[in-house]
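Colleague: Sequence:
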Amino acid sequence: MGWFHHSHHGSQEQQGANPPPPGQFTYQTPEQAQAQAHGIQVPSQFSEQQQFNPNLRYQNAYGQTPGVASGQASNYEGSSDPPPTLPSPFRQSSYNSTNSSSPLPSIPNSPQQRKFKTVLYFCNWAIYGRKHFPSDIPVDRLTHILYAFSNVNATTGEVILSDKWADTDCSATRFRETNGGGCFGEFYRIKMKNRNLRILLSIGGWTYSNDLGLGVNTHEKRQNFVKTAVTLLRDLALDGLDIDWEYPTNDEQAQNYVELLRLLRLELDSEAIRSGLPRGQFDLSIAAPAGPEQTKILRISEMDQYLSFWNLMTYDFSGSWSQTAYFHSNLYSSEISGNRAVETYINQGVAPNKIILGMPVYGRGFANTNGVGAPFSGVPQGTWENGVLDYKVLPLPNTTEHVDKDAISAYCYDPKSKTLIVYDNPETSRLKAQYVISKGLGGGMWWESSADFPIDQPRSLIANFTNTLGVQNIEKTYTNNLNLPEEYRRNLGISSIESPAGK
Numbered sequence: 001m002g003w004f005h006h007s008h009h010g011s012q013e014q015q016g017a018n019p020p021p022p023g024q025f026t027y028q029t030p031e032q033a034q035a036q037a038h039g040i041q042v043p044s045q046f047s048e049q050q051q052f053n054p055n056l057r058y059q060n061a062y063g064q065t066p067g068v069a070s071g072q073a074s075n076y077e078g079s080s081d082p083p084p085t086l087p088s089p090f091r092q093s094s095y096n097s098t099n100s101s102s103p104l105p106s107i108p109n110s111p112q113q114r115k116f117k118t119v120l121y122f123c124n125w126a127i128y129g130r131k132h133f134p135s136d137i138p139v140d141r142l143t144h145i146l147y148a149f150s151n152v153n154a155t156t157g158e159v160i161l162s163d164k165w166a167d168t169d170c171s172a173t174r175f176r177e178t179n180g181g182g183c184f185g186e187f188y189r190i191k192m193k194n195r196n197l198r199i200l201l202s203i204g205g206w207t208y209s210n211d212l213g214l215g216v217n218t219h220e221k222r223q224n225f226v227k228t229a230v231t232l233l234r235d236l237a238l239d240g241l242d243i244d245w246e247y248p249t250n251d252e253q254a255q256n257y258v259e260l261l262r263l264l265r266l267e268l269d270s271e272a273i274r275s276g277l278p279r280g281q282f283d284l285s286i287a288a289p290a291g292p293e294q295t296k297i298l299r300i301s302e303m304d305q306y307l308s309f310w311n312l313m314t315y316d317f318s319g320s321w322s323q324t325a326y327f328h329s330n331l332y333s334s335e336i337s338g339n340r341a342v343e344t345y346i347n348q349g350v351a352p353n354k355i356i357l358g359m360p361v362y363g364r365g366f367a368n369t370n371g372v373g374a375p376f377s378g379v380p381q382g383t384w385e386n387g388v389l390d391y392k393v394l395p396l397p398n399t400t401e402h403v404d405k406d407a408i409s410a411y412c413y414d415p416k417s418k419t420l421i422v423y424d425n426p427e428t429s430r431l432k433a434q435y436v437i438s439k440g441l442g443g444g445m446w447w448e449s450s451a452d453f454p455i456d457q458p459r460s461l462i463a464n465f466t467n468t469l470g471v472q473n474i475e476k477t478y479t480n481n482l483n484l485p486e487e488y489r490r491n492l493g494i495s496s497i498e499s500p501a502g503k
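Sequential numbering from 1 applies to the sequence shown in the UniProt record's numbering.
Honestly, the hints are just simulated from the structure, not real lab data.
Note that the structure is predicted; figures quoted are calculated from it, not measured.
Every residue, glycine too, gets a C-beta built ideally from N, C-alpha and C.
Hints are not guaranteed to be accurate.
Using 27 Å as the maximum straight-line C-alpha spacing, the simulated DSS-like pairs for lysine-lysine come out as follows [as the list claims (entries may be wrong)]:
1) Lys354 with Lys227
2) Lys193 with Lys131
3) Lys115 with Lys418
Quick list of the computed label-pair ranges, beta carbon to beta carbon [stated by the list, open to error]:
4) Val393 with Lys164: 41 to 49 Å
5) Pro485 with Gln253: 45 to 53 Å
6) Arg274 with Val393: 46 to 54 Å
7) Pro458 with Ile346: 13 to 21 Å
Given the sequences, and given the hints that come with them, work out the whole structure.
Modeller: Structure representation (structure tokens):
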């Protein structure tokens with residue numbers, strides 16, 4: 001999704017001059033929150049308004065995301081303002097997360113009354129250098145896997161697989177030899193054993209978004225896009241489609257997006273009926289921007305009627321393109337933040353339970369800096385790309401991990417090399433899960449699957465988030481699509497014995 005997908009390009013207008021007051025947030029100790037989660041009423045520890053800094057200003061451009069060639073990052077002119085001086089809570093309110101009973105938002109209702117979506121992006125290039133395969137994914141904690149990415153023919157609108165070897169041909173498992181079938185074949189086998197798991201094809205992403213925009217700019221191209229996308233869904237026995245267009249830049253493109261989603265929703269419902277499945281069987285989602293410059297262009301209320309849910313890309317708020325080193329996936333701030341993005345969509349009429357809060361499984365780094373809120377020069381070496389580090393290598397050796405409980409972001413700092421890394425950690429994952437519960441949101445999303453710790457490790461982001469929601473509260477009511485055509489059953493190395501037709 002991004003780095004190619006998950007790179008948001010932000011607003012160049014100043015948003016922070018008169019920030020709206022944040023919602024009152026009730027904080028509790030973990031013990032109090034757990035008690036209330038089980039229906040035991042406990043008094044709140046305290047309430048506080050989230051601290052905003054109206055002087056904080058980003059150079060609101062979002063750059064590339066992991067997996068994209070450098071040089072694809074978007075660079076904008078910086079602000080002429082002097083570097084912001086952050087109030088001490090942003091700079092100093094870190095604490096040792098292992099010893100702290102950090103405050104957690106209260107749970108307004110027992111979460112047992114609600115079910116949550118847990119959505120994880122899988123990249124088809126992860127099987128190469130990362131040596132990460134479908135079988136490595138903790139599917140019992142997930143409702144959706146979004147398969148990134150397919151491309152679009154800019155001339156015809158045809159949706160095409162981006163890597164046939166990875167997608168349908170290779171033996172995409174570390175455990176046994178197969179007849180090939182690629183990652184889609186392996187995901188089909190996983191779905192057979194996990195009938196509540198949905199696999200969606202994600203179309204676009206940062207690298208392919210220019211082709212996507214060109215590929216849907218006429219009615220004829222949009223019709224071809226829809227026809228070929230749904231054909232792939234049928235041939236691969238998928239459970240829906242996800243569109244990742246980064247980003248529509250004008251009203252004509254925004255209208256094209258609405259029309260594309262309308263046609264997709266109609267065709268997905270028709271395909272379900274043709275297949276003898278319920279009308280709403282197939283999901284349609286998008287990777288939705290979080291920056292105000294992008295959200296103000298989208299026709300959010302018009303799009304919403306066609307979407308099953310919205311995956312908010314609430315990360316990449318800062319990076320190599322910024323003027324000062326700051327958090328990139330903070331829940332609160334004076335300007336761009338996860339909470340502000342959530343409020344933007346809710347204010348446009350999106351039901352909270354259709355909003356999925358996006359979280360990064362990677363950190364962004366800043367070099368030659370004195371820390372959060374300070375100027376920087378350059379970015380450190382990354383795991384696969386400069387300035388971007390897999391979460392599973394964090395915190396850096398010889399650093400102390402801190403959590404800023406005002407912004408809700410983790411960071412580590414090496415004073416010798418003057419390197420700062422900002423990221424999500426177990427503590428912020430639990431806080432974000434409590435936020436999802438308290439705001440009535442639909443669940444959580446992660447970019448991307450290869451960079452987390454194993455699910456049985458205490459630092460796993462997915463484990464900490466889903467444990468806080470309650471594993472029993474993960475939505476498991478859906479039965480996935482196994483209607484794989486005979487021709488493709490052979491192509492994916494799936495025998496008829498493994499998968500009887502019509503199941």
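Colleague: Could you run down the list of hints and mark each one as holding or not?
Modeller: Going through the hints against the structure:
1. At most 27 Å may separate the alpha-carbon atoms for a hinted pair to count; Lys354 and Lys227 meet this at roughly 26 Å.
2. For the suggested pair Lys193 and Lys131, the alpha carbons sit about 23 Å apart, so the restraint of at most 27 Å is met.
3. Proposed proximity of Lys115 and Lys418 is contradicted: the alpha carbons are some 43 Å apart, above 27 Å.
4. Between Val393 and Lys164 the CB atoms are about 31 Å apart, so this pair departs from the stated range of 41 to 49 Å.
5. At about 35 Å, the CB distance of Pro485 to Gln253 disagrees with the hint of 45 to 53 Å.
6. In this structure the hint that Arg274 and Val393 lie 46 to 54 Å apart at CB holds, the actual value being about 47 Å.
7. Distance hint for Pro458 and Ile346: a CB-CB separation of about 33 Å, inconsistent with the stated range 13 to 21 Å.
Hint violations for this structure: numbers 3, 4, 5, 7, all remaining hints satisfied.
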